[in-house]
Amino acid sequence: MHVVVTGGSSGIGLEVAKIYARRGASVSLIARNADRLETARKEIEQHSAGATKVFVVSADAAVGIEISAAIKSCEAAHGPCDILVASAGLVEPGWFHEQTTEAFEAQWRTNFTGVVNTVRDVYATMRARGEGRIMIVSSAAAFIGIPAYAAYCGSKSALVGFADALRLEAMSKGVRVGGAGGVTVGICFPPDTDTPQLARELQSRPREAEILMGRIKPRRPEEIAARLVAGIDRRSAHVYFTGSIAALALFGPLVRPFIEIWYRLKLSR
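All residue numbers for the sequence shown refer to my numbering, where the first residue is -15 and numbers rise by one.
Keep in mind that the hints are not guaranteed to be accurate.
Said to hold, decoys possible - Below, in silico cross-link-like pairs of lysine-lysine (BS3-like), each with a Cα-Cα straight-line distance of 30 Å or less:
1. Lys26 / Lys56
2. Lys37 / Lys26
3. Lys201 / Lys250
4. Lys56 / Lys37
Hint data in this document are derived by calculation from the structure and do not stem from the laboratory.
Whenever a hint applies, use it, and build me the whole structure from the sequences.
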């Protein structure tokens, strides 16, 4: 089994790679920073007691040519991709009227375009083989607007429509979805997770966002990764991680007006 993880040099992606390495899968990591990738490779190989050789390649998933070349390198090293975990993401809080166009678009390029590019490079061959699993990492922020997170919420919400449409597209072409075999497209929605990116994000998270999001203790990346992989094992279409996230996903349109009223009252105090 060949597992490809984007954003695999740290955080959730790194922990996912460790799980598959322990299972004896061939693992490929793609991320932008070559030094962090090499550190991650050594960590995974030590974690698996040398049972797994990890292939790493530096690429920006938002750049189509780069990610296509990276996927080809991964498949040349370990064979066709059986499982793709699209975990690369970027968050940079900032008020919409103050944030530069470059900062706003960078989040869209990484969080949405980067995922689409990566999925495109494995999906056609998975369809041809009639087998494969894709898990897209979105965010709980996909279900609720957060002040100073317009770029992040928008890009993560867009992934929901993309994943759900692609799943139905696969069904319409006669590719089995669910059960044994077939191609599955899943999407998951992690809460705040204790990663290097969260540490950077918190430095610029404004008070207004904290009012809405609260001060919930971040989840451990190992915990999120384990549940994500369990969702892939089950070929789940959606993985929510917590009851509150599931409730937002299912009942968001009903509860958002009440959340906005509550938020307005909090701001006025």
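- Any hints from earlier that this structure breaks? Give me their numbers in increasing order, please. none
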